[in-house]
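*Asks:* Sequence:
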Amino acid sequence: TQVFPYNSSTLQTNYQLSSPYHSFCINFARCPLYFCMGMLQHIKRMNDEYKTIDNIGQGVYTEKRSKFLAYAHPVNSIEQIKDLLANYRKQHYDARHVCYAYMLGPERLDFRANDDGEPSSTAGKPILGQINSRELTNILVVVVRYYGGVNLGTGGLIVAYRTAAALAIDNTPAVSKLIEEIVTFSFPYVMMNSVMRVVKESDAQIVSTDFENTCEIKLSIVRSKAEELRNRLKKLRSEERRVGKECSEPC
Numbered sequence: 010t011q012v013f014p015y016n017s018s019t020l021q022t023n024y025q026l027s028s029p030y031h032s033f034c035i036n037f038a039r040c041p042l043y044f045c046m047g048m049l050q051h052i053k054r055m056n057d058e059y060k061t062i063d064n065i066g067q068g069v070y071t072e073k074r075s076k077f078l079a080y081a082h083p084v085n086s087i088e089q090i091k092d093l094l095a096n097y098r099k100q101h102y103d104a105r106h107v108c109y110a111y112m113l114g115p116e117r118l119d120f121r122a123n124d125d126g127e128p129s130s131t132a133g134k135p136i137l138g139q140i141n142s143r144e145l146t147n148i149l150v151v152v153v154r155y156y157g158g159v160n161l162g163t164g165g166l167i168v169a170y171r172t173a174a175a176l177a178i179d180n181t182p183a184v185s186k187l188i189e190e191i192v193t194f195s196f197p198y199v200m201m202n203s204v205m206r207v208v209k210e211s212d213a214q215i216v217s218t219d220f221e222n223t224c225e226i227k228l229s230i231v232r233s234k235a236e237e238l239r240n241r242l243k244k245l246r247s248e249e250r251r252v253g254k255e256c257s258e259p260c
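Under our numbering, the first residue of the sequence shown carries the number 10, and numbering increases by one thereafter.
The set of hints was computed from the structure by calculation and includes no laboratory data.
Ideal Cβ placement from N, Cα and C applies to all residues, glycine included.
What you were told as hints is all true, and nothing was included just to trick you.
Okay, derived cross-link-like pairs now, EDC-like style, lysine to aspartate or glutamate, Cα gap no bigger than 16 Å in a straight line:
id : residue 1 : residue 2
1  : K243      : E225
2  : K76       : D103
3  : K60       : D179
Computed spacing ranges between beta-carbons, pair by pair:
id : residue 1 : residue 2 : range
4  : D179      : S129      : 21 to 29 Å
5  : D103      : S195      : 52 to 60 Å
6  : M205      : R232      : 19 to 27 Å
7  : R206      : F120      : 36 to 44 Å
8  : S86       : D212      : 23 to 31 Å
9  : D212      : Y102      : 44 to 52 Å
10 : E144      : P197      : 44 to 52 Å
Start from the sequences, fold in the hints, and give me the full structure.
*Replies:* Right under this line is the structure:
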């Protein structure tokens with residue numbers, strides 16, 4: 010039985026391991042705890058981001074005299090999607106089909122694919138497949154078909170809609186955006202300095218403030234740090250109540 014040695018020098022000299030597995034073994038052998046912490050930080054960063062597009066992308070694909078016009082849009086809501094679809098249907102009133110697919114939300118759980126009269130799963134699903142293959146969200150892809158008089162068949166339609174969608178998506182660069190949460194905290198004025206110190210140390214952004222009756226602050230922070238921020242603010246409130254109670258007791 011061959012025993013796999015657990016040290017970096019042996020890994021480097023005795024074993025010809027392919028990258029990235031070789032790099033993984035070397036780093037883990039040198040410092041398992043540090044390497045695992047680094048991996049956890051990398052996972053946190055991944056959980057704080059999502060991929061989308063910032064600008065409109067367009068593509069044109071032609072097959073057997075049928076023309077497929079594709080448009081990729083950054084979107085944030087169903088209402089925005091409905092408005093865009095209405096505009097495209099109005100703009101291309103003489104087109105045979107206006108098919109589309111969209112994906113919404115950082116978790117990529119809100120999505121839909123529509124064939125608009127094409128045979129089932131030959132239009133919307135291929136479009137959605139291009140969105141999924143690039144792991145994008147907050148995106149709408151519309152493909153307008155002008156019929157050329159020749160039937161393409163199921164396979165031809167799938168290829169056509171998939172290719173047109175890919176052209177539109179790839180004609181606008183993908184970007185990574187932070188997933189942020191809103192944290193709202195109310196507090197008495199005497200806690201102002203302590204609260205602002207926590208805000209600064211947490212790298213949170215102030216969205217709005219209200220200092221009229223009681224102080225209220227609304228903060229935006231990356232998702233992985235939101236719970237830690239809430240806990241620190243709750244701890245401040247507990248400490249303030251404890252100090253207030255001690256001061257109110259007779260000496």
